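Chains as they are written, first to last, in the working numbering: chain X, 1 to 149; chain G, 150 to 288.
The hints are simulated quantities; they were obtained by calculation from the structure and are not laboratory data. Only a predicted model underlies this, so the values are computations on that prediction, with no experimental measurement involved. Hints are not guaranteed to be accurate.
[Unchecked claim] 25 Å max Cα-Cα, derived SDA-like pairs, lysine to any residue:
1. G:Lys183 <-> X:Glu43
2. G:Lys256 <-> X:Lys2
3. X:Lys28 <-> X:Ser68
4. X:Lys105 <-> G:Ser197
5. X:Lys105 <-> G:Lys281
6. G:Lys256 <-> X:Pro40
7. G:Lys281 <-> X:Ala56
8. G:Lys176 <-> X:Ala56
9. X:Lys105 <-> G:Ala193
10. G:Lys154 <-> X:Ile87
11. G:Lys256 <-> X:His49
12. G:Lys256 <-> G:Lys153
13. X:Lys105 <-> G:Ile207
14. X:Lys105 <-> G:Leu202
15. X:Lys2 <-> X:Met64
16. G:Lys256 <-> X:Lys28
17. G:Lys256 <-> X:Arg80
18. G:Lys281 <-> G:Val263
19. G:Lys183 <-> X:Ile87
20. G:Lys183 <-> X:Val6
21. X:Lys105 <-> X:Asn36
22. G:Lys256 <-> G:Leu266
23. X:Lys105 <-> G:Pro200
24. G:Lys176 <-> X:Glu43
25. G:Lys256 <-> X:Thr34
26. G:Lys153 <-> X:Pro101
27. X:Lys28 <-> X:Arg80
28. G:Lys176 <-> X:Arg80
[To be verified] Reference excerpt, derived from the structure (chain G facing chain X, CB under 8 Å, subset only):
29. Phe171
30. Phe199
31. Met215
32. Ala223
33. Leu239
34. Gly242
35. Phe248
Beta carbons: idealized from backbone N, C-alpha and C, even for Gly.
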Amino acid sequence: MKRFIVAFIAAYVFMFFWGWLLNGVLLKDIYAQTPNLWRPQSEMMSLFHWIIIGQALVIFAFVMIYASGFAGGGVIAGIRLGIVLEIAAIGMRLAIYAVQPFPGKLIVYGSISGLIEMNHCRGNCRCDLQAGTRAYVHLAAEPLFYRRS
Amino acid sequence: MNWKKFFIAFIAAFIFLFVFGFLWYGKFMDPIHKEVPMLWRTQADFGSHFPWLVLGHIVVAFFLTMLYAHFVPAGGAGAGFSLGILLALLFVGNNVIVFAVQPLTTKILWGWIVGDLIQFGFAGAIIGAIYKPSSPTAS
Numbered sequence: 001m002k003r004f005i006v007a008f009i010a011a012y013v014f015m016f017f018w019g020w021l022l023n024g025v026l027l028k029d030i031y032a033q034t035p036n037l038w039r040p041q042s043e044m045m046s047l048f049h050w051i052i053i054g055q056a057l058v059i060f061a062f063v064m065i066y067a068s069g070f071a072g073g074g075v076i077a078g079i080r081l082g083i084v085l086e087i088a089a090i091g092m093r094l095a096i097y098a099v100q101p102f103p104g105k106l107i108v109y110g111s112i113s114g115l116i117e118m119n120h121c122r123g124n125c126r127c128d129l130q131a132g133t134r135a136y137v138h139l140a141a142e143p144l145f146y147r148r149s
Numbered sequence: 150m151n152w153k154k155f156f157i158a159f160i161a162a163f164i165f166l167f168v169f170g171f172l173w174y175g176k177f178m179d180p181i182h183k184e185v186p187m188l189w190r191t192q193a194d195f196g197s198h199f200p201w202l203v204l205g206h207i208v209v210a211f212f213l214t215m216l217y218a219h220f221v222p223a224g225g226a227g228a229g230f231s232l233g234i235l236l237a238l239l240f241v242g243n244n245v246i247v248f249a250v251q252p253l254t255t256k257i258l259w260g261w262i263v264g265d266l267i268q269f270g271f272a273g274a275i276i277g278a279i280y281k282p283s284s285p286t287a288s
């Protein structure tokens, strides 16, 4: 339980700042190309608690998948789980791309950022549970959707 | 890995995901989606992007099956359902985030949440019911 909580908090902090850096800074100009798809800044800030809840739920689900034994154990198992989930997330992005007029660049950059994130995990994780959790951040950041500017 | 069972489970999951998605999101939720028309592609534009929708479902079905085959040792439909629900919770979390940044209605949010839980839970159960590893030690 202690490891679960530590992994959850570590992943949450990382995900929060990664989401801000990627979507609030790096991809800001691309998001600005489709202003009709997004809430105004003030409205988004009034709903900011939903972002907090959503991120917490995403991380909770990933840690549960890992901790429930689906992924086995160890850093490698965590990375493998993260890669598989990331590719599933790419599939979801493609389906969403078909129905919403997102710029194609968002799909590409979001997917690449997820795979880059896997390398970050490989070099930094120590605790098994944290490894699995951090392996997930590529998907958790969900760069296609999570926009903060 | 039992590739024959894997392939059958993947095809079954794809068919279920696609048909359920069409019925739930394309039919049942269609009038709800139309409350915010600026968020969606036009019919003609959607038609030209339809291959992406098919490809997306193929990728999701393939890797949900892969996830089960690699990480759930002979669990059956129950374990598949559990895995599907946990995977759905990932997307539910994402739906909540999307709600904060896109002008979705609360009806759309709840429709997506319920749809994800049903879609992935049952897809996982289908995979679990079909896929069997080639030997007791395989995982």
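Hint check results:
1. Between the alpha carbons of lysine 183 of chain G and glutamate 43 of chain X the distance comes to roughly 21 Å, so the proposed pair stays at or under 25 Å and holds.
2. For the proposed pair lysine 256 of chain G and lysine 2 of chain X, the alpha carbon gap of about 37 Å is over 25 Å, so the pair is violated.
3. For the hint pairing lysine 28 of chain X with serine 68 of chain X, the CA-to-CA distance comes to about 37 Å; that exceeds 25 Å, so the pair is violated.
4. Our distance criterion of 25 Å between C-alpha atoms is met by lysine 105 of chain X and serine 197 of chain G, whose separation comes to about 18 Å.
5. A C-alpha spacing of about 39 Å is found between lysine 105 of chain X and lysine 281 of chain G, which places the hinted pair above 25 Å, so the restraint is violated.
6. At roughly 20 Å between alpha-carbon atoms, lysine 256 of chain G and proline 40 of chain X fall within 25 Å of each other, so this suggested pair holds.
7. Taking the CA atoms of lysine 281 of chain G and alanine 56 of chain X, the gap is near 34 Å; set against the 25 Å cutoff, the hint is violated.
8. Among the hinted pairs, lysine 176 of chain G with alanine 56 of chain X is inconsistent with the structure: their alpha-carbon atoms are about 31 Å apart, more than 25 Å.
9. Pair hint lysine 105 of chain X plus alanine 193 of chain G holds up; C-alpha atoms about 21 Å apart against a cutoff of 25 Å.
10. Taken as a hint, the lysine 154 of chain G and isoleucine 87 of chain X pair is honoured in the structure, with Cα atoms around 21 Å apart against an allowance of 25 Å.
11. For the proposed pair lysine 256 of chain G and histidine 49 of chain X, the alpha carbon gap of about 18 Å is at most 25 Å, so the pair holds.
12. Note on lysine 256 of chain G and lysine 153 of chain G: the hinted pairing is violated, with a Cα-Cα distance of about 41 Å set against a maximum of 25 Å.
13. Distance restraint check for lysine 105 of chain X and isoleucine 207 of chain G: the Cα-Cα separation of roughly 21 Å lies within the 25 Å cut-off, and the hinted pair is therefore satisfied.
14. At roughly 17 Å between alpha-carbon atoms, lysine 105 of chain X and leucine 202 of chain G fall within 25 Å of each other, so this suggested pair holds.
15. Note on lysine 2 of chain X and methionine 64 of chain X: the hinted pairing holds, with a Cα-Cα distance of about 14 Å set against a maximum of 25 Å.
16. The hinted pair formed by lysine 256 of chain G and lysine 28 of chain X fails the criterion: a straight-line CA distance of about 28 Å is larger than 25 Å.
17. For a cut-off of 25 Å, the pair hint linking lysine 256 of chain G to arginine 80 of chain X is broken: about 35 Å separates their Cα positions.
18. Proximity of lysine 281 of chain G to valine 263 of chain G is assessed by CA-CA distance (about 29 Å); at most 25 Å being required, the pair is judged violated.
19. Annotation: proposed proximity of lysine 183 of chain G to isoleucine 87 of chain X is violated, straight-line Cα distance about 30 Å (limit 25 Å).
20. Proposed proximity of lysine 183 of chain G and valine 6 of chain X is contradicted: the alpha carbons are some 43 Å apart, above 25 Å.
21. Taking the CA atoms of lysine 105 of chain X and asparagine 36 of chain X, the gap is about 17 Å. The hint holds against a cut of 25 Å.
22. Between the alpha carbons of lysine 256 of chain G and leucine 266 of chain G the distance comes to roughly 16 Å, so the proposed pair stays at or under 25 Å and holds.
23. The hinted pair formed by lysine 105 of chain X and proline 200 of chain G meets the criterion: a straight-line CA distance of about 18 Å does not exceed 25 Å.
24. For the hint linking lysine 176 of chain G to glutamate 43 of chain X, the alpha-carbon distance of about 30 Å lies beyond 25 Å, and the restraint is violated.
25. Restraint check for lysine 256 of chain G and threonine 34 of chain X: the C-alpha separation of about 23 Å stays at or below 25 Å, so the hint holds.
26. Restraint check for lysine 153 of chain G and proline 101 of chain X: not satisfied, since their Cα atoms lie roughly 38 Å apart, outside the 25 Å limit.
27. Distance restraint check for lysine 28 of chain X and arginine 80 of chain X: the Cα-Cα separation of roughly 30 Å exceeds the 25 Å cut-off, and the hinted pair is therefore not satisfied.
28. As the CA atoms of lysine 176 of chain G and arginine 80 of chain X are separated by approximately 36 Å, the hinted pair breaks the 25 Å bound.
29. Contact between phenylalanine 171 of chain G and chain X, as hinted, is not supported at the beta carbon level, the nearest pair being about 12 Å apart and thus beyond 8 Å.
30. For phenylalanine 199 of chain G, the interface hint holds, the least distance from its beta-carbon to any beta-carbon of chain X being 6 Å, beneath 8 Å.
31. Because the closest C-beta pair between methionine 215 of chain G and chain X is about 6 Å apart, less than 8 Å, the hint holds.
32. A least Cβ separation of about 13 Å between alanine 223 of chain G and chain X goes past the 8 Å threshold, and the interface hint is therefore violated.
33. The criterion of a C-beta within 8 Å of any C-beta in chain X is met by leucine 239 of chain G, whose closest approach is roughly 5 Å, and the hint holds.
34. Hint on glycine 242 of chain G holds. Least Cβ distance to chain X is approximately 3 Å, under the 8 Å limit.
35. Against a cut-off of 8 Å between C-beta atoms, the interface hint on phenylalanine 248 of chain G holds, since the closest Cβ of chain X lies about 6 Å away.
Going down the numbered hints, you'll see the structure goes against 2, 3, 5, 7, 8, 12, 16, 17, 18, 19, 20, 24, 26, 27, 28, 29 and 32, while the others check out.
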